[in-house]
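Listed below are the residues making up each chain.
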Amino acid sequence: MRCNRPLNSRLINELQKLLGADAVLYRSEDLLLYEYDGSVEVARPNCVVFPKSMEDVVGIVRLANRFETPLVGRGAGTGLSGGALARKGGIQVVFSKMNRILEVDAANQRARVQPGVVNSDLSAAVASLGLHFAPDPSSQKACTIGGNVSENSGGPHTLAYGVTANHVLALKAVLPSGEIVSLGSGALDPPGYDLTGLFVGSEGTFALVTEVSVKLIRLPETVKTLLAIYDAVDDATETVVEITARGITPAACEMLDGWTLRAVEDYVHAGFPTDGAAVLLIEVDGLREVAEAAAKDVVDVCHLHNAREVRVARDAAERDLLWKGRKNAFGAIGRICTTYYVQDGVIPRTKLPATLRRIAEIGLKNGFQIGNIFHAGDGNLHPIILFDARDESQFRRTVATADEIIAFCIEMGGSITGEHGVGMEKDRLMPLLFTESDLRLMSGVRDIFNPRGLLNPGKIFPSGKGCGEIHVNPIPVAGAIPA
Amino acid sequence: MSQAAGASFSRLASIAGPSHVLEDPSLLAPYAIDGVVPSSAVRPGTAVEAAEIVKLAAVEKLSLVPSGSRTKLAMGMPPQKYDMALDLSRLDRIVAYDPGDLTLSVEAGATLAGIGAALAAHGQFLPLAVPFQKSASIGGTLASGVDSPLRQFYGTARDFVLGMEFITGDGTIAKSGGRVVKNVTGYDLHKLMLGSMGTLGVMTQIHFRTFPLPRSPRAFVASFERPENAWQMRQAIAESPLRPLTLDILLPGVPKLFASSAASRRVDEPYDAQTLASAGWSVTVGFAGSDKVLDRYAAELNRLAEQAGAASAATLSEDRVPGAFGRKREFIPIVLDASPATVILKLSTLPSRMNDVLANAGNLLAAEGVHWAAIARGAGVGYLALLPNDRTEATGVKLAKLANQILETTAAAEGNATILWCPSEWKSWMKIWGADRADFEQMKKLKAFFDPGGVFSPGRFVGGV
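Keeping their order, the protein sequence lines are chains A and B. So the first sequence is numbered by our numbering: it starts at 1 and just counts up by one. So the second sequence is numbered by our numbering: it starts at 484 and just counts up by one.
Any given hint might turn out to be false.
Said to hold, decoys possible - Which chain A residues face chain B? A few, computed with CB under 10 Å, are given here: (1) Val104; (2) Ala107; (3) Ser202; (4) Leu219; (5) Leu304; (6) Gly331; (7) Gly334; (8) Ile336; (9) Thr338; (10) Asp378; (11) Asn380; (12) Ile460.
In short, the hints are calculated from the structure, not lab data. Ideal placement from N, C-alpha and C gives every residue a C-beta, glycine not left out.
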């Protein structure tokens, strides 16, 4: 398959006939937006289409086959690893018009949705029933359930509630052959191989998902949100280690270091202390008696590890403000520096103190400002390296610095991505974790469903030689919003 | 003994050591599946040895069935070909346990009892309260997909297995996932191994997330004269702020089984007949926590039970909790002991439809004079045991017809239904794995990819995979 070859105008015609002229974009000025996602990667599709139904998707897939054109699915484009970018060009299938909640079954705590439903819209739609969809990436106000399924997205509250895979029961999807598959079931424990579990997190390389059945979780009776302020990063990380070791499972446990705090506070005015070295944003929830006791235990641990102050949000407004600070952090950083590189390494939680110290050393050595804002409770780091996009050599050094951090995570027994996915950003890092034969097995599984490689080519697996894709954004972009 | 298997003895011995290759028929009898005895059994001591054995089997076109403690070999269809038993019981090491990280890596042959003891020393556990707890291995537990009453709170293994090392059909050792609690690197191939009945690969090492042991576990029991009221209470709990650890409905007759001497042979913890009301439908709820939390649960559950019209309701005294919990966990072996020819159906539906499905099944069985017992998880999974008085062919034919009918009505209620257990000689009459599945073509492709030579457990699983 050639890369980024100009699209056959007959294909455009056929797509327009299938979907209507307004559902097909192909002029270069219209495609600009679709070159990007939330990562530093760029890749331009040859055209963008907006299906309205599963039949539309089948039709698009058939045309892609007929014209031997690559295909890639996309939700809101908030991804952080280039998963939804058209690395080899071709047709980008955007699901924003398949955004209906098809069914809510409150009694059985289930919902059936189209892939383009926005994550927080689903939770909002079922809030009056006392329910929510638990995975809550920071981009939840924009990102879609389809994207969450593809990436197996996490979020702050996955610490207690699990990631997307834990909440998906069944899928309908269109294979790259055009075949419709129905995987899993609303009832539990369908006999047979767990294809749903395999497809969730397959980064859009197996099928285009057209319908998702999810579990809905009861909203907790009581939520306590605490902000612990520290004068030393080590004290904050040691607090996390001890909370874990004591068997306290907070609903969320997020850390922001001093530099990030100041950036966020300038922008959001969440009430974060600007002179602290680090804060932990910890949430406990559940039955009133459970949450109150857990909050007390957490406060004790924070003080034991020299927290300067522990504030407890007094009401929902205060709590929302603290979370606003956390969830808008990357937007805040985007104000300071238009380009930054976010990593997503994971480490065993006991290794947090050593790892944060190492990240600081790596930054110092390489001359980069590295901010840290991350899911401390499950050891999922998000070091943010600021760089100047106009300086190609600086970008290369940025990537080298990030790689050094990732290598350390792996040395600690960790992993290269906790929730952002491998995509086209970390494919070259895969051999650090997996042997050649592991990777052959995985790509073989992909080939079962995607034998011609038409769907989302050039992702996850190291390719050696790509299409010479650009690694630096040619123009400054606003901050991405990692989970 | 087949010639091929005989020819391979020296090769097997050179891999695992002569004392770990069994060929004496008396030693092979415990490995029989539905009366099919393998020609040899081999006990590798390491994953590398196990992989060498698989490689040998692939080259010599032999079929093998992996096993651990052999407590659930009766599940599934008999293997179409069974040259060799791959006994993983020597792969029983705890490879890594980091209590501070709440992560654990164990070899597949490790027993649940051994793992439980190691974790308990650090106040932790794996929430796998599955049947055959005293002897089952972790690998067999995962491969068979049996569930646990604790799924109400913790989910199933799928929710806390972090990664795995396994052997594919050509003898390659592969891995997926990792040892950290959050990870999206690469495809989750390990999820395919769960519940796959050893047909896709041989698990050799499994990485888990562990959990703190619940503090002061307690149980509440409410008994109802009518099933709809019991399910009404289940629904009320689901809509309350309570997050119980277990929530099961025992159907009439189960308390009597639990009080039997057969049950005490399966469960060590003491039990007396007063624990559960002998009649009606019993909603049993497990919970844990501080005194304040326990008081809140007791008060809320009493209120919900009363609203749902319970005939009686009480929090069990502390000493009765382990006995009652153990019996819920060991429901399967207890009903196996209760009849010479127990047939166990696993039915799952949306929770709101489970009462209808079980009621229909009950009517059908009552009309034919078949004794039965059933337990239903609040999450929407039911175990229905048919307990005939004899194991004659006539009974088998009758029960197969009834069982298949129940499978159909469950499927019609958008549920999943399989026959978890039944006498070997009746299997060919039963739809062991239930109705045909929409995704079967994809399953077949996966099987052909992971095990192209058909080395692993051929024919044991869904659709003859």
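Against the structure, the hints come out as follows:
1. A least Cβ separation of about 13 Å between valine 104/A and chain B goes past the 10 Å threshold, and the interface hint is therefore violated.
2. Because the closest C-beta pair between alanine 107/A and chain B is about 5 Å apart, less than 10 Å, the hint holds.
3. Restraint check, serine 202/A versus chain B: the minimum CB separation of about 6 Å is within 10 Å; hint holds.
4. Among the interface hints, the one on leucine 219/A holds; its C-beta lies about 9 Å from the nearest C-beta in chain B, closer than the 10 Å criterion.
5. Because the smallest distance between the Cβ of leucine 304/A and any Cβ of chain B comes to about 16 Å, over 10 Å, the interface hint for this residue is violated.
6. Among the interface hints, the one on glycine 331/A is violated; its C-beta lies about 23 Å from the nearest C-beta in chain B, farther than the 10 Å criterion.
7. This hint is violated: glycine 334/A has a C-beta 24 Å from the nearest C-beta of chain B, more than the 10 Å allowed.
8. Against a cut-off of 10 Å between C-beta atoms, the interface hint on isoleucine 336/A is violated, since the closest Cβ of chain B lies about 28 Å away.
9. For the restraint placing threonine 338/A at the interface with chain B, the shortest Cβ-Cβ distance is roughly 27 Å, beyond the 10 Å limit, so the hint is violated.
10. The beta carbon of aspartate 378/A comes within 4 Å of a beta carbon in chain B, closer than 10 Å, and the hint placing it at the interface holds.
11. Checking asparagine 380/A against chain B by beta carbon gives a least distance of about 5 Å; that is within 10 Å, so the hint holds.
12. Hint status for isoleucine 460/A: holds, given a least beta-carbon distance of 7 Å to chain B, under 10 Å.
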